[in-house]
Amino acid sequence: MPAPTANAVTARTGEPSATGATRAGIHWPRVALYVILGLFCIYYLLPLYVMLVNSLKPLSEITAGGMMALPGEWTIAPWQSAWSTAQVGVEATGLRPYFINSLLMVVPAVAITTVIGALNGYVLTKWRFRGATLVFGLLLFGCFIPFQMVLIPMARMLGLMGIAGTVTGLVFVHMVYGIGFSTLYFRNYYAAFPDELVRAAQIDGAGFFTIFWRILLPSSGPIAVVCIIWLFTNIWNDFLFGASFSDFDSQPMTVALNNLVQSSTGVKEYNVHFAGAIMAALPTLFVYIVAGRYFVRGLMSGSVKG
Amino acid sequence: MAISDTVRHRGAADRLRDLLPKLVLSPSVALVGIFVYGFILFTLYLSFTDSRILPSFGWVGWQNYGFLFRIRAWDTALTNLVIFGTLYIVICCLLGLLLAIFLDQRIRAEGFIRTIYLYPMALSFIVTGVAWKWFLDPGIGVEAVVRGWGFESFTFDWIKDSDMAIYTIVIAAVWQTSGFVMAMFLAGLRGIDSEMLRAAEIDGASTMALYRRIVIPQLRPAFMSAFVVLAHMAIKSYDLVIALTNGGPGTATEVPATFMYSYTFTRNQMGIGASSAVIMMLTIAAIIVPYLWSELREKK
Numbered sequence: 299m300p301a302p303t304a305n306a307v308t309a310r311t312g313e314p315s316a317t318g319a320t321r322a323g324i325h326w327p328r329v330a331l332y333v334i335l336g337l338f339c340i341y342y343l344l345p346l347y348v349m350l351v352n353s354l355k356p357l358s359e360i361t362a363g364g365m366m367a368l369p370g371e372w373t374i375a376p377w378q379s380a381w382s383t384a385q386v387g388v389e390a391t392g393l394r395p396y397f398i399n400s401l402l403m404v405v406p407a408v409a410i411t412t413v414i415g416a417l418n419g420y421v422l423t424k425w426r427f428r429g430a431t432l433v434f435g436l437l438l439f440g441c442f443i444p445f446q447m448v449l450i451p452m453a454r455m456l457g458l459m460g461i462a463g464t465v466t467g468l469v470f471v472h473m474v475y476g477i478g479f480s481t482l483y484f485r486n487y488y489a490a491f492p493d494e495l496v497r498a499a500q501i502d503g504a505g506f507f508t509i510f511w512r513i514l515l516p517s518s519g520p521i522a523v524v525c526i527i528w529l530f531t532n533i534w535n536d537f538l539f540g541a542s543f544s545d546f547d548s549q550p551m552t553v554a555l556n557n558l559v560q561s562s563t564g565v566k567e568y569n570v571h572f573a574g575a576i577m578a579a580l581p582t583l584f585v586y587i588v589a590g591r592y593f594v595r596g597l598m599s600g601s602v603k604g
Numbered sequence: 021m022a023i024s025d026t027v028r029h030r031g032a033a034d035r036l037r038d039l040l041p042k043l044v045l046s047p048s049v050a051l052v053g054i055f056v057y058g059f060i061l062f063t064l065y066l067s068f069t070d071s072r073i074l075p076s077f078g079w080v081g082w083q084n085y086g087f088l089f090r091i092r093a094w095d096t097a098l099t100n101l102v103i104f105g106t107l108y109i110v111i112c113c114l115l116g117l118l119l120a121i122f123l124d125q126r127i128r129a130e131g132f133i134r135t136i137y138l139y140p141m142a143l144s145f146i147v148t149g150v151a152w153k154w155f156l157d158p159g160i161g162v163e164a165v166v167r168g169w170g171f172e173s174f175t176f177d178w179i180k181d182s183d184m185a186i187y188t189i190v191i192a193a194v195w196q197t198s199g200f201v202m203a204m205f206l207a208g209l210r211g212i213d214s215e216m217l218r219a220a221e222i223d224g225a226s227t228m229a230l231y232r233r234i235v236i237p238q239l240r241p242a243f244m245s246a247f248v249v250l251a252h253m254a255i256k257s258y259d260l261v262i263a264l265t266n267g268g269p270g271t272a273t274e275v276p277a278t279f280m281y282s283y284t285f286t287r288n289q290m291g292i293g294a295s296s297a298v299i300m301m302l303t304i305a306a307i308i309v310p311y312l313w314s315e316l317r318e319k320k
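Protein chains in written order, with the working numbering: chain S, 299 to 604; chain V, 21 to 320.
Pulled out of the complex, with its shape left as it was, chain S reads as follows (with noise of 0.2 Å):
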């Protein structure tokens, strides 16, 4: 099983067990594992906290040690500014462009990943030969290395492939060190599919696609779904190969928001900081917000994160 955690565990992330039943000691004084576990929740929506309450009040707000106050003053102002007219490098563009940039990046490369992580998926479940394992484990291998090691020759491969610093070439690397784990995702679904369906099919003449087109295809939308969003989530919170691959207009959001931050010409405009996280945050936030359960499942079998 090459997804450890993987399947026999995430099946009972559900309800409470009747193994926690047993377990819920009576000598715990309940009151004070329910104010522990409170307190982990102000730990862990602080810094959400920090972020929101910051990005709608004025900056001398923050700079006179009111960062953890409500604004005395709202203002949507910051979230303006990060928007579309705060200085990032050397233009003043707000952060816009740059959002459309990891739009236009991430939808192109996790569809065309998820579409060869099912086909090639398919073949390694279905139509197994000698060394399938052998191939998977070496495709496998390919989302744990370290991305510094492929970072001077890809440099110069998109060089030659006349796409150094576009989005595409991002869309492209994307793509290639994808596949490792959309591989991984629907192959592991697809062991579990019976095998005895595919070989009807096939002995009623039904050929590769058709099988895969009119069988396994209609019965992938949860895998799909996993799948897809953690690919958005990898690629569109991905920073390395944004910083390393990508020209001023072609910048996707992450390193667009360092730049932000980072810049050190005039007034540190904190307010305008956090307004321009909540926004390179959203797209993911709002993913986990309406699809945790697939979210969390994608984390736990592709456990080892690439």
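No lab work stands behind these hints, which were simulated from the structure alone. Even glycine gets a Cβ: it sits at the ideal position worked out from N, Cα and C. Careful: at least some of the hints might be erroneous.
One-sided excerpt, in silico: chain V residues whose CB lies under 7 Å from chain S [claimed, not checked]:
#: 1; residue: GLY31
#: 2; residue: LEU40
#: 3; residue: LEU45
#: 4; residue: SER48
#: 5; residue: VAL52
#: 6; residue: THR99
#: 7; residue: PHE122
#: 8; residue: ILE133
#: 9; residue: ALA142
#: 10; residue: ALA164
#: 11; residue: VAL165
#: 12; residue: PHE174
#: 13; residue: ASP259
Derived SDA-like pairs (lysine to any residue); straight-line CA-CA distance at most 20 Å [said to hold, decoys possible]:
#: 14; chain 1: V; residue 1: LYS180; chain 2: S; residue 2: THR508
#: 15; chain 1: S; residue 1: LYS566; chain 2: S; residue 2: PRO369
#: 16; chain 1: V; residue 1: LYS42; chain 2: S; residue 2: ARG497
#: 17; chain 1: V; residue 1: LYS42; chain 2: S; residue 2: PHE507
#: 18; chain 1: V; residue 1: LYS42; chain 2: S; residue 2: THR508
#: 19; chain 1: V; residue 1: LYS42; chain 2: S; residue 2: VAL433
#: 20; chain 1: S; residue 1: LYS566; chain 2: V; residue 2: LYS42
#: 21; chain 1: V; residue 1: LYS42; chain 2: S; residue 2: GLY363
#: 22; chain 1: V; residue 1: LYS180; chain 2: V; residue 2: ALA164
#: 23; chain 1: V; residue 1: LYS180; chain 2: S; residue 2: ALA430
#: 24; chain 1: V; residue 1: LYS180; chain 2: S; residue 2: VAL433
#: 25; chain 1: S; residue 1: LYS566; chain 2: V; residue 2: VAL162
#: 26; chain 1: V; residue 1: LYS42; chain 2: S; residue 2: GLN560
#: 27; chain 1: V; residue 1: LYS42; chain 2: S; residue 2: THR361
#: 28; chain 1: V; residue 1: LYS42; chain 2: S; residue 2: PRO369
#: 29; chain 1: V; residue 1: LYS42; chain 2: S; residue 2: GLY429
#: 30; chain 1: V; residue 1: LYS42; chain 2: S; residue 2: TRP425
#: 31; chain 1: V; residue 1: LYS180; chain 2: S; residue 2: PHE507
#: 32; chain 1: V; residue 1: LYS42; chain 2: S; residue 2: LEU432
#: 33; chain 1: S; residue 1: LYS566; chain 2: V; residue 2: ALA164
Take the given structure of chain S and dock chain V to it, following the hints.
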């Protein structure tokens, strides 16, 4: 396995059909072959050359590795990786285990609490870095706030302190990942045989003994996965350091990933940069290869 064998007719078209699955797989194999394994070999080769701004093919043997280990910034990077990696793994595991055990006590609103603990995992390390960078900044963050509350002498300026800055990276990284480790342990806890626990409980074992003797030993696989995930993330960590401290103050929070980047792309010492990448690669391989090996073998 046997599917392709059931087809017995042997025309040219049929042979093509038999080849089709491999044809479908082959672009991926080719891509990974070139862009992963080919590139690894290329970088490995570069690490033995005199490459500076651009790749060059003048063979210099082990010279880059000799230089590398005499560079103070690399020494700092390795020391930091050990400090960061150890604390990160240990704290994440302890915190994750503790929270998982607490959450496994038939907690009301468990799903809701889990959602809160785990959400940082959905964020980019850059976002985490920005949030914690200003939160820990003595000028406006915790220090300023506590002083504002009347504790005038309160000091918390680790992020500006060369000796302590690396610990701020631990703080932010633990915040981001511990919820995920919690989820892994929680899943492990839910997989434990409840009969055995009930039996031990009837035998009069205390809750503490129950956990020490039965539950935690059974979490071994979860610990293994957590260790591999965290070690792997620690070695690769780059974004967070860049966003939080940018390697500073000075080079105080340099880690191998930032070292590799700056030597290769800003200091134009590509040969040395490549050799540092090779060291990172070997460290990760030492953890991942045995792990993948055992996982893939079990399956057979």
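Distance restraint between LYS180/V and THR508/S, which requires alpha-carbon spacing of 20 Å or less: It is violated: about 62 Å lies between the C-alpha atoms, which goes past 20 Å.
Per-residue hint verdict: ALA164/V, partner chain S, C-beta under 7 Å: Since the shortest Cβ distance to chain S is 4 Å, the answer is holds.
Tell me if the interface restraint on VAL165/V is satisfied: Cβ within less than 7 Å of some Cβ in chain S. Hint on VAL165/V: holds, closest Cβ of chain S at ~5 Å, below 7 Å.
Mind checking the CB of GLY31/V against every CB in chain S and telling me if the closest is under 7 Å? Violated: closest Cβ of chain S sits about 14 Å from GLY31/V, beyond 7 Å.
Check the hint pairing LYS42/V with THR361/S against an upper bound of 20 Å on the C-alpha distance. violated, 62 Å
Does the nearest C-beta of chain S fall within a distance shorter than 7 Å of the C-beta of LEU40/V? holds, 5 Å
Have a go at the VAL52/V hint: is there a Cβ in chain S nearer than 7 Å to its own Cβ? holds, 5 Å
For the pair we were handed, LYS180/V and VAL433/S, check the Cα-Cα distance against 20 Å. violated, 48 Å
Hinted contact THR99/V with chain S - closest CB pair below 7 Å: This interface hint is violated because 18 Å lies over the 7 Å limit.
Could you grab the alpha-carbon distance between LYS180/V and PHE507/S and see if it respects the 20 Å cut-off? Violated - the C-alpha atoms of PHE507/S and LYS180/V are around 59 Å apart, more than 20 Å.
Restraint check for LYS180/V with ALA164/V, where alpha carbons must lie at most 20 Å apart: holds, 14 Å
With 7 Å as the cut and Cβ atoms as the points, is PHE174/V at the interface with chain S? Given a least distance of 12 Å, the restraint on PHE174/V is violated.
Hints 1, 6, 12, 14, 20, 21, 23, 24, 26, 27, 28 and 31, counting from the list given before, are not met by this structure.
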